[in-house]
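Numbering-wise (full-length UniProt numbering), the sequence shown opens with residue 1 and increments by one.
Treat the hints as calculated values from the structure; they're not laboratory data. Just to be clear, a hint being listed does not mean it is correct.
[Stated by the list, open to error] Between beta-carbon pairs, the in silico distance windows are: (1) 98 / 75: 22 to 28 Å; (2) 129 / 99: 21 to 27 Å; (3) 69 / 107: 18 to 24 Å; (4) 33 / 116: 15 to 21 Å; (5) 8 / 68: 19 to 25 Å; (6) 101 / 10: 18 to 24 Å; (7) 101 / 128: 20 to 26 Å; (8) 4 / 119: 30 to 36 Å; (9) 40 / 129: 15 to 21 Å.
[Said to hold, decoys possible] List of simulated lysine to any residue pairs, SDA-like, C-alpha gap at most 20 Å: (10) 104 / 87; (11) 76 / 120; (12) 73 / 121; (13) 72 / 128; (14) 127 / 58; (15) 127 / 47; (16) 76 / 99; (17) 73 / 115; (18) 127 / 72; (19) 27 / 119; (20) 5 / 31; (21) 72 / 60; (22) 11 / 30; (23) 76 / 87; (24) 120 / 68; (25) 5 / 35; (26) 5 / 36; (27) 11 / 34; (28) 127 / 66; (29) 96 / 107; (30) 96 / 15; (31) 11 / 36; (32) 9 / 27; (33) 120 / 56; (34) 120 / 87; (35) 11 / 38; (36) 27 / 120; (37) 76 / 64; (38) 27 / 127; (39) 73 / 118.
None of these values were measured; they are calculated from a predicted model. We treat Cβ as the ideally placed atom computed from N, Cα and C, and that holds for glycine.
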Amino acid sequence: MILNKPGLKHKPVSNQVECHPYFTQPKLLEYCRQNDIVIVGYSPLGTSRDASWVNLTCPPLLEDEVLVAIGKKYNKTTAQVALRFNVQRGVVVIPKSFSPQRIKDNFQIFDFSLTEEEMKAIEGLNKNVRFVELLMWSDHPEYPFHDDY
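Please put together the full structure from these sequences, using the hints given.
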(Lines of atoms letter the chains of each structure in order from A and count residues from 1; the text may use other names and numbers.)
(Lines give C-alpha, C1' and ligand atoms only; values in the text may rest on other atoms or scores of the structure.)
Protein backbone atom coordinates (compact mmCIF):
# COMPACT_ATOMS: atom_id res chain seq x y z
CA MET A 1 0.00 0.00 0.00
CA ILE A 2 1.03 3.54 -0.66
CA LEU A 3 1.28 4.45 3.04
CA ASN A 4 3.27 1.34 4.00
CA LYS A 5 6.34 1.98 1.83
CA PRO A 6 9.61 1.70 3.79
CA GLY A 7 11.19 5.08 4.34
CA LEU A 8 8.00 7.07 3.76
CA LYS A 9 8.44 10.32 5.68
CA HIS A 10 5.50 12.33 4.38
CA LYS A 11 2.00 11.16 3.60
CA PRO A 12 1.07 11.90 -0.02
CA VAL A 13 -1.63 14.52 -0.53
CA SER A 14 -2.55 13.30 -3.99
CA ASN A 15 -2.33 10.16 -6.08
CA GLN A 16 -2.38 10.49 -9.87
CA VAL A 17 -3.95 7.44 -11.49
CA GLU A 18 -5.93 6.53 -14.57
CA CYS A 19 -9.59 7.17 -13.80
CA HIS A 20 -12.59 7.24 -16.16
CA PRO A 21 -16.03 5.63 -16.44
CA TYR A 22 -14.53 2.34 -17.68
CA PHE A 23 -11.99 2.31 -14.83
CA THR A 24 -13.62 3.99 -11.85
CA GLN A 25 -11.16 2.79 -9.18
CA PRO A 26 -13.79 2.48 -6.40
CA LYS A 27 -11.52 0.74 -3.86
CA LEU A 28 -8.66 3.16 -4.40
CA LEU A 29 -10.99 6.16 -4.30
CA GLU A 30 -12.44 5.01 -0.96
CA TYR A 31 -8.97 4.27 0.46
CA CYS A 32 -7.75 7.71 -0.55
CA ARG A 33 -10.84 9.41 0.89
CA GLN A 34 -10.28 7.63 4.21
CA ASN A 35 -6.67 8.84 4.24
CA ASP A 36 -7.26 12.41 3.01
CA ILE A 37 -5.51 11.79 -0.30
CA VAL A 38 -6.92 13.44 -3.42
CA ILE A 39 -7.22 11.33 -6.57
CA VAL A 40 -6.00 13.11 -9.70
CA GLY A 41 -7.42 11.26 -12.68
CA TYR A 42 -5.41 11.12 -15.87
CA SER A 43 -6.96 9.92 -19.14
CA PRO A 44 -10.43 10.88 -17.86
CA LEU A 45 -11.69 10.81 -21.47
CA GLY A 46 -9.96 7.64 -22.53
CA THR A 47 -6.99 7.95 -24.86
CA SER A 48 -5.95 8.92 -28.35
CA ARG A 49 -6.01 5.21 -29.25
CA ASP A 50 -2.30 5.08 -30.14
CA ALA A 51 -1.55 1.38 -30.63
CA SER A 52 2.08 1.80 -29.57
CA TRP A 53 1.14 2.21 -25.91
CA VAL A 54 -2.62 1.88 -25.45
CA ASN A 55 -4.82 -1.17 -24.97
CA LEU A 56 -6.91 -1.05 -28.16
CA THR A 57 -9.16 -3.89 -27.02
CA CYS A 58 -10.94 -1.34 -24.83
CA PRO A 59 -13.97 0.18 -26.53
CA PRO A 60 -13.86 3.93 -27.24
CA LEU A 61 -15.14 5.58 -24.06
CA LEU A 62 -16.60 8.67 -25.72
CA GLU A 63 -18.87 6.55 -27.92
CA ASP A 64 -20.57 4.82 -24.99
CA GLU A 65 -24.37 4.85 -25.33
CA VAL A 66 -24.97 5.73 -21.67
CA LEU A 67 -22.71 8.79 -21.91
CA VAL A 68 -24.26 9.78 -25.24
CA ALA A 69 -27.81 9.60 -23.81
CA ILE A 70 -26.92 11.61 -20.71
CA GLY A 71 -25.10 14.16 -22.86
CA LYS A 72 -28.18 14.64 -25.03
CA LYS A 73 -30.33 15.22 -21.95
CA TYR A 74 -28.11 18.10 -20.79
CA ASN A 75 -27.01 19.29 -24.25
CA LYS A 76 -23.45 18.29 -23.34
CA THR A 77 -20.77 16.23 -25.04
CA THR A 78 -19.89 12.75 -23.83
CA ALA A 79 -16.54 14.21 -22.74
CA GLN A 80 -18.30 16.76 -20.55
CA VAL A 81 -20.45 14.02 -19.01
CA ALA A 82 -17.38 11.86 -18.29
CA LEU A 83 -15.54 14.80 -16.73
CA ARG A 84 -18.57 15.82 -14.65
CA PHE A 85 -18.91 12.24 -13.39
CA ASN A 86 -15.42 12.23 -11.91
CA VAL A 87 -15.59 15.78 -10.59
CA GLN A 88 -18.85 14.97 -8.86
CA ARG A 89 -17.07 12.01 -7.20
CA GLY A 90 -14.33 14.32 -5.91
CA VAL A 91 -11.73 13.30 -8.49
CA VAL A 92 -9.54 16.06 -9.93
CA VAL A 93 -9.50 15.54 -13.70
CA ILE A 94 -6.68 16.46 -16.06
CA PRO A 95 -7.94 15.97 -19.60
CA LYS A 96 -5.40 16.41 -22.36
CA SER A 97 -6.25 18.50 -25.39
CA PHE A 98 -4.47 20.56 -27.99
CA SER A 99 -7.65 22.12 -29.33
CA PRO A 100 -8.54 25.53 -27.83
CA GLN A 101 -12.25 24.79 -28.32
CA ARG A 102 -12.04 21.42 -26.54
CA ILE A 103 -10.13 23.02 -23.69
CA LYS A 104 -12.97 25.55 -23.33
CA ASP A 105 -15.56 22.77 -23.59
CA ASN A 106 -13.81 20.83 -20.83
CA PHE A 107 -14.48 23.73 -18.44
CA GLN A 108 -18.20 23.79 -19.23
CA ILE A 109 -19.07 21.10 -16.71
CA PHE A 110 -20.11 23.22 -13.75
CA ASP A 111 -23.52 24.33 -15.04
CA PHE A 112 -25.16 20.93 -14.58
CA SER A 113 -25.15 18.05 -12.11
CA LEU A 114 -25.73 14.38 -12.69
CA THR A 115 -28.55 12.75 -10.78
CA GLU A 116 -27.92 9.88 -8.40
CA GLU A 117 -29.39 7.51 -10.99
CA GLU A 118 -27.10 8.88 -13.71
CA MET A 119 -24.08 8.55 -11.43
CA LYS A 120 -25.01 4.92 -10.76
CA ALA A 121 -25.52 4.27 -14.47
CA ILE A 122 -22.06 5.65 -15.24
CA GLU A 123 -20.52 3.74 -12.32
CA GLY A 124 -22.11 0.66 -13.88
CA LEU A 125 -19.94 1.17 -16.97
CA ASN A 126 -16.86 0.21 -14.96
CA LYS A 127 -14.99 -2.61 -16.70
CA ASN A 128 -11.82 -2.39 -14.55
CA VAL A 129 -9.94 -1.88 -17.78
CA ARG A 130 -6.90 0.34 -18.16
CA PHE A 131 -6.38 2.16 -21.41
CA VAL A 132 -2.80 2.95 -20.40
CA GLU A 133 -1.18 -0.34 -19.34
CA LEU A 134 2.50 0.59 -19.80
CA LEU A 135 3.29 -3.04 -20.54
CA MET A 136 6.83 -2.20 -21.58
CA TRP A 137 7.59 -1.88 -17.85
CA SER A 138 5.47 -4.79 -16.57
CA ASP A 139 8.53 -6.83 -15.53
CA HIS A 140 9.93 -3.99 -13.39
CA PRO A 141 9.74 -4.70 -9.62
CA GLU A 142 7.96 -1.37 -9.04
CA TYR A 143 5.38 -1.89 -11.82
CA PRO A 144 2.25 -0.70 -9.99
CA PHE A 145 -0.50 -2.45 -11.90
CA HIS A 146 0.03 -5.89 -10.40
CA ASP A 147 -1.48 -4.59 -7.15
CA ASP A 148 -5.21 -4.62 -6.50
CA TYR A 149 -5.27 -0.84 -6.16
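Structure-based check of each hint:
For the pair residue 98 and residue 75, the supplied restraint of 22 to 28 Å holds, since their beta-carbon distance comes to about 25 Å. With their beta carbons about 26 Å apart, residue 129 and residue 99 fall inside the hinted range of 21 to 27 Å. Range check, residue 69 to residue 107: about 23 Å between beta-carbon atoms, so the 18 to 24 Å window is met. Evaluation of the 15 to 21 Å hint for residue 33 and residue 116 yields a pass: the beta carbon distance comes to about 18 Å.
Residue 8 and residue 68 have their C-beta atoms about 43 Å apart, which leaves the hinted 19 to 25 Å range violated. Checked against the hint of 18 to 24 Å, the pair residue 101 and residue 10 fails, with Cβ atoms roughly 40 Å apart. In this structure, residue 101 and residue 128 break the distance hint of 20 to 26 Å, their C-beta atoms being roughly 32 Å apart. One distance hint, 30 to 36 Å for the beta-carbon pair residue 4 and residue 119, holds here, with the actual separation near 31 Å.
Roughly 20 Å separates the CB atoms of residue 40 and residue 129, a value that falls within the hinted 15 to 21 Å. A hinted pair counts as satisfied when its Cα atoms are at most 20 Å apart, and residue 104 with residue 87 qualifies at roughly 16 Å. In summary, the hint linking residue 76 to residue 120 is supported, as the alpha carbons are separated by about 18 Å, within the 20 Å threshold. Pair hint residue 73 plus residue 121 holds up; C-alpha atoms about 14 Å apart against a cutoff of 20 Å.
Proximity of residue 72 to residue 128 is assessed by CA-CA distance (about 26 Å); at most 20 Å being required, the pair is judged violated. At most 20 Å may separate the alpha-carbon atoms for a hinted pair to count; residue 127 and residue 58 meet this at roughly 9 Å. Restraint check for residue 127 and residue 47: satisfied, since their Cα atoms lie roughly 16 Å apart, inside the 20 Å limit. Between the alpha carbons of residue 76 and residue 99 the distance comes to roughly 17 Å, so the proposed pair stays at or under 20 Å and holds.
Between residue 73 and residue 115 the CA atoms are separated by roughly 12 Å; this keeps the pair inside 20 Å, and the hint holds. For a cut-off of 20 Å, the pair hint linking residue 127 to residue 72 is broken: about 23 Å separates their Cα positions. In summary, the hint linking residue 27 to residue 119 is supported, as the alpha carbons are separated by about 17 Å, within the 20 Å threshold. For a cut-off of 20 Å, the pair hint linking residue 5 to residue 31 stands: about 16 Å separates their Cα positions.
For the hint pairing residue 72 with residue 60, the CA-to-CA distance comes to about 18 Å; that is within 20 Å, so the pair holds. Taking the CA atoms of residue 11 and residue 30, the gap is about 16 Å. The hint holds against a cut of 20 Å. Under the criterion of a C-alpha separation no larger than 20 Å, the hint pairing residue 76 with residue 87 is consistent with the structure, at around 15 Å. Proposed proximity of residue 120 and residue 68 is supported: the alpha carbons are some 15 Å apart, at most 20 Å.
Between residue 5 and residue 35 the alpha-carbon distance is near 15 Å, which keeps this suggested pair within the 20 Å criterion. Proposed proximity of residue 5 and residue 36 is supported: the alpha carbons are some 17 Å apart, at most 20 Å. A hinted pair counts as satisfied when its Cα atoms are at most 20 Å apart, and residue 11 with residue 34 qualifies at roughly 13 Å. Proximity of residue 127 to residue 66 is assessed by CA-CA distance (about 14 Å); at most 20 Å being required, the pair is judged to hold.
Between residue 96 and residue 107, the direct Cα distance comes to roughly 12 Å. Compliance with the 20 Å bound is thereby established for this hinted pair. With a C-alpha separation of about 18 Å, the suggested pair residue 96 and residue 15 falls inside the 20 Å cut-off, and the hint holds. For the given pair, residue 11 sits about 9 Å from residue 36 by alpha-carbon distance, which is consistent with the 20 Å threshold. Under the criterion of a C-alpha separation no larger than 20 Å, the hint pairing residue 9 with residue 27 is inconsistent with the structure, at around 24 Å.
For a cut-off of 20 Å, the pair hint linking residue 120 to residue 56 is broken: about 26 Å separates their Cα positions. Only pairs whose Cα atoms come within 20 Å are accepted, and residue 120 paired with residue 87 is accepted, the gap being roughly 14 Å. With a C-alpha separation of about 12 Å, the suggested pairing of residue 11 with residue 38 holds against the 20 Å cut-off. Annotation: proposed proximity of residue 27 to residue 120 holds, straight-line Cα distance about 16 Å (limit 20 Å).
Proximity of residue 76 to residue 64 is assessed by CA-CA distance (about 14 Å); at most 20 Å being required, the pair is judged to hold. Distance restraint check for residue 27 and residue 127: the Cα-Cα separation of roughly 14 Å lies within the 20 Å cut-off, and the hinted pair is therefore satisfied. The hinted pair formed by residue 73 and residue 118 meets the criterion: a straight-line CA distance of about 11 Å does not exceed 20 Å.
The earlier numbered hints that this structure contradicts are 5, 6, 7, 13, 18, 32 and 33.
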